[in-house]
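Engineer: Residue numbers (this note's numbering): 22 to 327.
If you are wondering where the hints come from, they were derived from the structure by calculation, not from laboratory data. You may find that some hints are simply not true.
Said to hold, decoys possible - Capping the alpha-carbon separation at 25 Å, the derived lysine-lysine pairs in DSS-like fashion look like this: (1) 260 x 158; (2) 162 x 116; (3) 123 x 162.
To be verified - Label pairs and their calculated CB-CB ranges: (4) 181 x 206: 14 to 20 Å; (5) 106 x 79: 36 to 42 Å; (6) 225 x 77: 48 to 54 Å.
All residues carry an ideal CB built from backbone N, CA and C; glycine is no exception.
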Amino acid sequence: MFGLRTKKIQQRLFFWFCFILSEFRKTNGRENGPDVVKVFVFEGEDVILPCSVNNKENIESKLFDWRKDEQKHVFRYDAGLHDNNGPSGQDEQFKGRVSLFKEQLKFGNASIIIRNTEVNDSGDYICDFPLLQPTQKFYIKLIVGAPPEPFITVLNITEQGVVLQCVVQCAFPEPTLQWRNSDGHILPAEKTQVSKRGGRYDVILQTTVTKTPTNCFTCEVRQEEIGHIVHRNITLPEKLFESCHSAGLFLGGLLAGVLILAVVETVVLLVGRNYITIVWKNGSQQQGTGSSNTAAEPLRSGVEMT
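Could you put the whole structure together from the sequences, leaning on the hints where they help?
Structural biologist: Right under this line is the structure:
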């Protein structure tokens with residue numbers, strides 16, 4: 022019971038907050054363009070889109086129309102008849118989800134509430150009074166956010182360090198990702214991988230980290246448009262960085278072996294093509310693929326270029 026009462030209070034506070042916003046209508050940055058109220062909500066929540074005529078006159082007998090992106094029929098009211106109690110041409114996306122505040126019509130308030138919002142509800146809405154003199158239109162930009170949950174994995178262990186990967190899926194609006202160390206400093210990272218499906222964003226960011234006093238690293242996800250920030254931390258064990266050192270020694274030894282093998286193969290190839298001559302201690306020479314004195318001891322500097 023207490024939770025239900027609290028929810029009603031929150032809804033009323035939010036309603037009046039939106040109502041006040043409509044009085045101060047913020048512009049969308051276009052010079053000489055219409056004033057736009059921006060409304061933010063998280064997916065699954067209910068949202069109120071504010072609309073109130075300038076002179077606060079009674080609009081119970083008036084006509085007003087809500088549209089999305091200039092085309093979609095969101096809600097229509099005409100002197101007491103509306104989409105919820107009469108013939109409806111309402112878009113399927115909004116059927117059964119939109120209602121108005123009947124008791125507020127006498128005060129010129131044509132605000133609507135959209136229940137259980139979805140990401141595809143995001144867009145530009147118009148509240149239109151076509152028969153008023155002069156006509157009045159009000160513009161609302163709705164952003165329905167889908168806040169992501171970042172996932173961190175250890176992708177690889179290399180000579181340079183431990184490769185970490187941060188992934189967010191099905192986010193909206195598009196988030197930005199950053200890797201930070203325990204001091205909060207931004208870490209260098211690979212190029213962000215972004216893909217879009219169904220109007221939502223999947224984002225991947227990788228970084229290579231080395232040993233620190235804490236070995237704690239953070240993936241930070243920001244959605245500036247809706248003021249949402251979320252962090253996910255990972256603390257790596259010391260043994261992972263020991264593995265990096267072992268990997269470096271192994272790769273170094275492997276590289277040295279490859280270089281030695283390359284030198285030997287090069288010498289054999291040059292001998293075979295008579296580009297060099299091997300001089301033995303007893304004065305005989307081996308050139309190309311000729312016979313050699315296996316009992317002879319080769320000179321320390323017994324390779325001569327011919």
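Engineer: Now tell me if each hint is right for this structure.
Structural biologist: To see whether the hints hold, each was checked on the structure:
{"no.": "1", "hint": "260 x 158", "in the structure": "65 Å, violated"}
{"no.": "2", "hint": "162 x 116", "in the structure": "20 Å, holds"}
{"no.": "3", "hint": "123 x 162", "in the structure": "23 Å, holds"}
{"no.": "4", "hint": "181 x 206: 14 to 20 Å", "in the structure": "18 Å, holds"}
{"no.": "5", "hint": "106 x 79: 36 to 42 Å", "in the structure": "19 Å, violated"}
{"no.": "6", "hint": "225 x 77: 48 to 54 Å", "in the structure": "51 Å, holds"}
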